[in-house]
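> Sequence:
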Amino acid sequence: RHEHDMALGNVIGSNLFNLLMAVGLAGLIQPFSVDAAVLFRDYGMVLLATVVLYVFCVGFRGRPSRVSRNEGGVLLAGYVAYMGWLLASST
Numbered sequence: 001r002h003e004h005d006m007a008l009g010n011v012i013g014s015n016l017f018n019l020l021m022a023v024g025l026a027g028l029i030q031p032f033s034v035d036a037a038v039l040f041r042d043y044g045m046v047l048l049a050t051v052v053l054y055v056f057c058v059g060f061r062g063r064p065s066r067v068s069r070n071e072g073g074v075l076l077a078g079y080v081a082y083m084g085w086l087l088a089s090s091t
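At position 81 of the sequence shown the residue is numbered 81 (our numbering), and the sequence of numbers has no breaks.
If you are wondering where the hints come from, they were derived from the structure by calculation, not from laboratory data.
Just so you know, even glycine gets a beta-carbon here, dropped at the ideal spot from N, CA and C.
Incorrect hints may appear among the rest.
[Claimed, not checked] Quick list of simulated restraints, FRET-style, between CB atoms:
hint: 1; residue 1: L86; residue 2: F17; range: 17 to 27 Å
hint: 2; residue 1: V34; residue 2: S68; range: 18 to 28 Å
hint: 3; residue 1: T91; residue 2: H2; range: 44 to 54 Å
The task is simple: from the sequences and hints, build the whole structure.
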């Protein structure tokens, strides 16, 4: 409770762990190639989501750091749009 920095660190740390460790371990087990478009799309979206979450958490609004319902809705809409983009590009 009231540990906003801890929550933000958990999100960023989780993103870094998933990108670096999970993909790295999979590459050690079975080497694979990744299309440049996939790297651009996925890493770009993770970077964008991290920056947006940082802006929402830090605020820059002159009030305590807190993600509002509207901001949560923006993050959820971004996730749904990203999943739609992935589904559309896979067919």
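> Look at each hint and say if it fits the structure.
Each hint, compared with the structure:
A C-beta distance of roughly 21 Å is found between L86 and F17, which places it inside the suggested range of 17 to 27 Å. Distance hint check for V34 and S68: the Cβ-Cβ separation is about 36 Å, which falls outside the suggested range of 18 to 28 Å. Distance hint for T91 and H2: a CB-CB separation of about 45 Å, consistent with the stated range 44 to 54 Å.
The structure fails hint 2 only (numbered hints given earlier).
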